[in-house]
Amino acid sequence: MHESLTIALLQARETAMGFFRPILKSYNLTEQQWRIIRVLASSRSIDFHDLACLTCILRPSLTGILTRMERDGLIFRLKPMNDQRKLYVSLTPAGQELYEQARGQVNDGYKAIEDAFSPAKLTQLLALLDEFTSIGNSTQEDIETENE
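The UniProt record's numbering puts the first residue of the sequence shown at 1, with every later residue one more than the last.
Keep in mind the hints are simulated off the structure, nothing from the lab.
With beta-carbon atoms standing in for the labels, derived distance ranges:
1) ASP115 / LEU5: 19 to 29 Å
2) MET17 / SER42: 18 to 28 Å
3) ASN107 / ARG13: 14 to 24 Å
4) GLN101 / SER61: 21 to 31 Å
5) MET81 / GLU3: 51 to 61 Å
Where a beta carbon is used, it is the ideal one built from N, C-alpha and C, also for glycine.
Could you build all of it, start to finish, from the sequences and the hints given here?
This is the structure:
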């Protein structure tokens with residue numbers, strides 16, 4: 001048993017990313033950019049705050065990353081006329097094409113993890129991580145309710 005859960009999780013993340021970093025590098029993408037592309041590929045358009053939560057990227061950092069991705073033609077940002085406080089983000093056709101190109105290799109990375117770790121263990125690990133994450137979500141919701 002690891003003495004520190006957070007260190008064990010970071011070490012596991014580094015191990016997992018070792019399967020994907022070469023792929024992302026070949027497409028000149030950072031890990032954060034790939035997380036954004038992956039989330040946007042599964043939804044037509046997403047609110048900036050939701051994107052920050054789903055990608056685990058702090059909003060100030062996300063702003064800079066999106067600026068660079070927009071400059072590179074991968075995403076576009078849209079402010080609705082009826083609510084200028086909102087900001088929505090979508091993939092451009094070039095961003096969607098990049099996702100489609102990289103997705104096969106990323107899936108191969110997942111297959112390599114399954115081969116090394118076993119499909120059953122990977123399924124179990126993902127289920128345990130989902131369960132663990134829900135504890136944090138419940139705690140955060142309780143804190144927000146108390147502060148209202």
